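Take the sequences, apply the hints, and build the full model.
Which chain is which? The protein sequence lines are D and P, in order.
For the first sequence, position 374 (counting from the first letter as 1) is numbered 374 according to our numbering, and the numbering increases by one without interruption.
For the second sequence, position 426 (counting from the first letter as 1) is numbered 426 according to our numbering, and the numbering increases by one without interruption.
Source of the hints: derived by calculation from the structure; they are not laboratory data.
Hints should not be assumed to be uniformly reliable.
Sample of chain P residues facing chain D (criterion: CB under 8 Å; computed from the structure) [unchecked claim]:
id	residue
1	Asp18
2	Arg270
3	Val273
4	Leu274
5	Arg276
6	Trp280
7	His281
8	Glu284
9	Phe314
Just so we're clear, the structure is a prediction, and the values are computed from it rather than from any experiment.
Glycine residues also receive a C-beta, built at the ideal position from the N, C-alpha and C atoms.
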Amino acid sequence: MGEKVTLTIDGRVITADSEQTILQAALDHGIYIPHLCSHDNLHPTGSCRMCVVRQEGVEGLVTSCITKCEDGMVIDTHDETAENVRKLSCDFMFKTHPAECTGCPKYGKCQLASISQYVGDTGRKLKANPINVKADTENPIILHEMYRCILCGRCVRACEELRGVGAIKFDKVDGRLRVVVNGDSLIHANCRFCTACVEVCPTGSIREHKEIMDRIEGRTREDGYVPCRFGCPAHIDVPRYIRFIKQGNYAQANATVREKVPFPHSLGYICVHDCESECKHAYLNEPVSIRNLKRFAAEHDDGEWKKRAFHKPATGKKIAVIGGGPAGLTAAYYGAKLGHSVTVFEAREKLGGQLRYGIPSYRLPRETLDREIADILEGNDITVKTGSEVANAPSLLKEGFDAVFVSVGTHDGVRLPIPGNDLDGVQVNTDFLRRFETGEASVGKHVVILGGGNVAVDCAGAAFRLGAETVDMACLEAYDAMTATDEERAWAEEEGVVLHNSRTFPEIQGENGHVSGVVIQKVGNFRKENGRMVFDKLEGTEEVLPADTVIFAVGQRPTIPMDPEAFGLELTHGNYIASKGDHGETSVEGVWAVGDAVTGTRSVISAIAFAREAISAIDVYLGGDGCIEEHLADEQVRDPHIGVIENFGELKRTAPRVVPVPERVRDWQTCGPMDLGFDDTLASCEAARCLQCDLRCDLKPQKFWNDYTEGGV
Amino acid sequence: MMKTADLRDLAAWIMLTDAPAPDLSPESAKKADFLNRHGQNLKKQIEDAASREEAVLIIDLVSEEPGSGFNAELTERAGERMKAAAAALAGAIGAEKIIVAAPEDISWAPEGAEIVRLECSPVLREDSALFHILETGELRSCPLDRAFPSQGYKGLPTVTVGAEDLLRLCAMAEPGYTETKIVIIRTGDGASVAEVPTGTTVGELLKAAGADAPKGVLAGGVTGTFTRNPESCAIGTGSMFDSVRAFGEKDCMADQTARLMKQALDLSCRKCVLCREGSWHMAEIFKGITEGKGKKEDLDMVMDIGPLITAGAFCSFGQNMAACAVSSVECNREELLTHIVKKKCPAGVCSAFSKKTYVIDPAKCTACGDCIDECDEMAIEGKRKFIHMIDQDMCTSCGKCVSACDEEAIVVNNGSVKVPKKLTKVGKF
Numbered sequence: 001m002g003e004k005v006t007l008t009i010d011g012r013v014i015t016a017d018s019e020q021t022i023l024q025a026a027l028d029h030g031i032y033i034p035h036l037c038s039h040d041n042l043h044p045t046g047s048c049r050m051c052v053v054r055q056e057g058v059e060g061l062v063t064s065c066i067t068k069c070e071d072g073m074v075i076d077t078h079d080e081t082a083e084n085v086r087k088l089s090c091d092f093m094f095k096t097h098p099a100e101c102t103g104c105p106k107y108g109k110c111q112l113a114s115i116s117q118y119v120g121d122t123g124r125k126l127k128a129n130p131i132n133v134k135a136d137t138e139n140p141i142i143l144h145e146m147y148r149c150i151l152c153g154r155c156v157r158a159c160e161e162l163r164g165v166g167a168i169k170f171d172k173v174d175g176r177l178r179v180v181v182n183g184d185s186l187i188h189a190n191c192r193f194c195t196a197c198v199e200v201c202p203t204g205s206i207r208e209h210k211e212i213m214d215r216i217e218g219r220t221r222e223d224g225y226v227p228c229r230f231g232c233p234a235h236i237d238v239p240r241y242i243r244f245i246k247q248g249n250y251a252q253a254n255a256t257v258r259e260k261v262p263f264p265h266s267l268g269y270i271c272v273h274d275c276e277s278e279c280k281h282a283y284l285n286e287p288v289s290i291r292n293l294k295r296f297a298a299e300h301d302d303g304e305w306k307k308r309a310f311h312k313p314a315t316g317k318k319i320a321v322i323g324g325g326p327a328g329l330t331a332a333y334y335g336a337k338l339g340h341s342v343t344v345f346e347a348r349e350k351l352g353g354q355l356r357y358g359i360p361s362y363r364l365p366r367e368t369l370d371r372e373i374a375d376i377l378e379g380n381d382i383t384v385k386t387g388s389e390v391a392n393a394p395s396l397l398k399e400g401f402d403a404v405f406v407s408v409g410t411h412d413g414v415r416l417p418i419p420g421n422d423l424d425g426v427q428v429n430t431d432f433l434r435r436f437e438t439g440e441a442s443v444g445k446h447v448v449i450l451g452g453g454n455v456a457v458d459c460a461g462a463a464f465r466l467g468a469e470t471v472d473m474a475c476l477e478a479y480d481a482m483t484a485t486d487e488e489r490a491w492a493e494e495e496g497v498v499l500h501n502s503r504t505f506p507e508i509q510g511e512n513g514h515v516s517g518v519v520i521q522k523v524g525n526f527r528k529e530n531g532r533m534v535f536d537k538l539e540g541t542e543e544v545l546p547a548d549t550v551i552f553a554v555g556q557r558p559t560i561p562m563d564p565e566a567f568g569l570e571l572t573h574g575n576y577i578a579s580k581g582d583h584g585e586t587s588v589e590g591v592w593a594v595g596d597a598v599t600g601t602r603s604v605i606s607a608i609a610f611a612r613e614a615i616s617a618i619d620v621y622l623g624g625d626g627c628i629e630e631h632l633a634d635e636q637v638r639d640p641h642i643g644v645i646e647n648f649g650e651l652k653r654t655a656p657r658v659v660p661v662p663e664r665v666r667d668w669q670t671c672g673p674m675d676l677g678f679d680d681t682l683a684s685c686e687a688a689r690c691l692q693c694d695l696r697c698d699l700k701p702q703k704f705w706n707d708y709t710e711g712g713v
Numbered sequence: 001m002m003k004t005a006d007l008r009d010l011a012a013w014i015m016l017t018d019a020p021a022p023d024l025s026p027e028s029a030k031k032a033d034f035l036n037r038h039g040q041n042l043k044k045q046i047e048d049a050a051s052r053e054e055a056v057l058i059i060d061l062v063s064e065e066p067g068s069g070f071n072a073e074l075t076e077r078a079g080e081r082m083k084a085a086a087a088a089l090a091g092a093i094g095a096e097k098i099i100v101a102a103p104e105d106i107s108w109a110p111e112g113a114e115i116v117r118l119e120c121s122p123v124l125r126e127d128s129a130l131f132h133i134l135e136t137g138e139l140r141s142c143p144l145d146r147a148f149p150s151q152g153y154k155g156l157p158t159v160t161v162g163a164e165d166l167l168r169l170c171a172m173a174e175p176g177y178t179e180t181k182i183v184i185i186r187t188g189d190g191a192s193v194a195e196v197p198t199g200t201t202v203g204e205l206l207k208a209a210g211a212d213a214p215k216g217v218l219a220g221g222v223t224g225t226f227t228r229n230p231e232s233c234a235i236g237t238g239s240m241f242d243s244v245r246a247f248g249e250k251d252c253m254a255d256q257t258a259r260l261m262k263q264a265l266d267l268s269c270r271k272c273v274l275c276r277e278g279s280w281h282m283a284e285i286f287k288g289i290t291e292g293k294g295k296k297e298d299l300d301m302v303m304d305i306g307p308l309i310t311a312g313a314f315c316s317f318g319q320n321m322a323a324c325a326v327s328s329v330e331c332n333r334e335e336l337l338t339h340i341v342k343k344k345c346p347a348g349v350c351s352a353f354s355k356k357t358y359v360i361d362p363a364k365c366t367a368c369g370d371c372i373d374e375c376d377e378m379a380i381e382g383k384r385k386f387i388h389m390i391d392q393d394m395c396t397s398c399g400k401c402v403s404a405c406d407e408e409a410i411v412v413n414n415g416s417v418k419v420p421k422k423l424t425k426v427g428k429f
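Next comes the structure, spelled out in structure tokens:
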């Protein structure tokens, strides 16, 4: 900060800081001076000549973006010569720029068009001087249509000065100045793909590929620019915690995750990572291995975050939570922190829901799950009633609870209505996995899994671990369209599962009442009509997979205790609980329902995110402010100067350490989790791959002349 | 070395002298109360640098148009005096580093100086541009305004001088100093070097040099101005020009201006819109005029955009190159209009107006094909039994086909020969 100075601009006396330029001072006071090469985050260069003004007592025009305010200055922004210079500069730029605006993807958001609208058309008959350079769409993420470039140099400054990368530069090509890639491709120019160049480009010259543009269309700036955070149902601040990991500040990384979810470590093992599906690094090669980074951070939890967690005073209100899975425990956790007294009714013997009874222990160690549940219960007013089934949800309101939170999950496996589905040796996914957890499950030598999702993969893995010699998996979907994630499908294949894609299974065959095989048949295209699968069977492709155990893994339904009618809530087709609002409201006031029982089988992270919204709504219902946001991690300074990393664009996704196949199947009860995650080195390598998309949000959004009129003369 | 101009009484050889260098004390350098080559007060620079640590002395021998030869001439004629001045100046500011920015063909350098080889460019007359190119190798005029005071080269206290500034320092230390300016005089006979007292007019200078009543006069080069009244154009120390050029009847002013503007386009650092695009439009307009494509409105356009470029360009290079174009229209309007309206180049320089139009007389052509074989440009169209035709867009008027034709059918058309517009059989036209 400099001194306070007083100057006059267009007859208005304004106070400014002597470190401010005339342009900044004018804009701050709502006085618009046209400017194009200037950008709030970049050093001014004074090259576009749009911001020239007249200063009393000074010969010639003054470039307002590079002239600092001085006491007593008298500035005229509407000086005739200055205005004519602007018009000429604008004329000149348009003579190199395509005349047709409507075909440009930046149409309506172009600063050149906006400024030309402001300064006005002179009608000057200057010769056109088009830039004959083809569009360059070969680079990932960023595309260049430099025939639209007006050489304001904002992109070059953003890349060089701000980011310290220098992947693009000015160069004379055939006697003409151009902005060019500093190498034969952005990857070879060590581009960090931060898209700062895209953000600052005033025209349609540097943009993101249409696919990316389309994806972010309609989102807010923050959501559009940071797709991983947007993609995460709980909106965990992914780039922030990855940056903490890169800084070696692992505990802060974990605290960042903690701000949004009470199960960071468990999620680190089993999250379906929607964030990775959104990760822009996929356009370079593969997404950043976010889940493993999360897990790595959780492994370095120092508990310090607990000191910053909010705890509101007791409200005297009581909340009943039905179902102690991830959604129910999340609701209990925040509900108690909000000052309410929470009672969790869990039908099973232990808390955890799908985390315990759906996901096998070789994927999620039970000590991790138990510790996270203990953290939730610790010091909070939560009463747990296990082995306690609630027959009618609304009745709890009459028993003294002020609100009821239903999160019963989907623990009923679907047994398809095909011949042989009740033969001895036919099991269903949920039952099988629950018994796998309790040690009661068994399989034969030849197992066929029907279904191709992540649960099917878990069933297959469990079957091998129970001693199956062969595991076949048949599903309707083609290999690339399977609902299991690529990663989980790969595990299954590594362990020896034989996939039979694009198959239907018309019949389970049996001998003496026991399963002997499954008939599978190829299908053509399939689609859903009125909720039912419709597909063409290809004649003559039938084959029989010999089996002594068949496991249905084709979906799960809500566990509505005993009598659905008696549960007291309006249900939809298939016993799902009917949702009456955005935050889990049900047909009964005071009763909320979330999780798989409402949405159908989704994911742990979706359930947690949904539960956060619902508990917030419940708090408001109970008279609170509904705020469950908390700052558990330190403030983070985002350094815009990311610098050069050699071959950055070619860094490959870091694979976690995984226990090799014979061992992880054979010794599953003793060797710990199959996936060992990252060590320090791997985590640091992987964290370095992050594109830091969030840095773009720190760049000031582009403004137009009509944005400045407010507060003006 | 160039010729020494014989200016008789007008000459004042004070800076360019063979006399041994005077004994310069660092103190004497501090009296340098004049504007240096970059338009900065040298005394102020010296005082500032002397009061701070790590001062740098930059000797600028590159801020001239390529081919100017001004700095080369000075270093050759008075190199020792320049060294003495440089040593005194370095002493005065306690320079820890001396940088000589020089083109390949200048070997002069004071002892201990670091030589940086650069191509000559008048853009480097801006301190900021010179510092920037020394720091980064990139020719680019940079913000240098009151708000962003020049921090000097690499942010160090810096004194910048040209060759002439050093010679002036020497001259000032000697008794009987009068202010002079060194100028290169260019006429049809070549270049010569002169030194005259400031206040001498360009007219007096040219008269003394024997270039009496030239058709046109250009004070300076691409950043200079054409002048109609050389008698009222006084030479001063701070003037932006090192040379005065007199044009004679053999020179075409349209062609000369077109060359200057092409040079301006090539020399522009291209950073600011007005100079980058303005020099292109100026070059295109004058090129068009020399090629017979000029329109009257072109001159209006120059007078319209020129003053605005001068008012709005980022640095003095852009401002002055536009002024050069404007001054050409002002001084050479008649000759330019002759090109535009009468489609003639009075000096006979612009080849577009002097091109001979060869045609094949359809009455004499026998369609033998000899001319087709002879033409390097493939400008002759024709097949067996069809009258051959010359494509005037492709023809370069080399005349080779004339001698190849045994029928003497190929002639320079004075308008009397009518030729077919499409392939026509021999005898049918």
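Interface hint compliance - His281(P) to chain D, C-beta minimum distance less than 8 Å
At about 6 Å, which falls below the 8 Å cut-off, the nearest Cβ of chain D leaves the hint on His281(P) intact, so it holds.
Does Trp280(P) meet its interface restraint, that is, does its C-beta lie within less than 8 Å of any C-beta in chain D?
This hint holds: Trp280(P) lies near chain D, its Cβ roughly 6 Å from the closest one there, short of 8 Å.
Tell me if Leu274(P) is really an interface residue toward chain D, meaning its C-beta lies closer than 8 Å to one of theirs.
holds, 5 Å
Would the hint on Arg276(P) be counted as holding, given a Cβ-Cβ threshold of 8 Å to chain D?
holds, 6 Å
Under 8 Å is the threshold here; is the Cβ of Val273(P) close enough to any Cβ of chain D for the hint to stand?
At 5 Å from the nearest chain D Cβ, Val273(P) passes the 8 Å test, so the hint holds.
Given Arg270(P) as an interface hint, is the shortest Cβ-Cβ distance to chain D below 8 Å?
OK, holds: Arg270(P) within 8 Å of chain D, min 4 Å.
Can the hint on Asp18(P) be confirmed by a CB-to-CB distance to chain D that is less than 8 Å?
Check failed: Cβ of Asp18(P) comes no nearer than 41 Å to chain D, outside 8 Å.
Measuring from the C-beta of Glu284(P) to each C-beta in chain D, is the shortest one below 8 Å?
With Cβ-Cβ at 6 Å, under 8 Å, it holds.
Would the stated hint for Phe314(P) survive a check requiring a Cβ distance to chain D of less than 8 Å?
Holds, about 6 Å.
Checked against the numbered hints above, the structure breaks only hint 1 and satisfies the rest.
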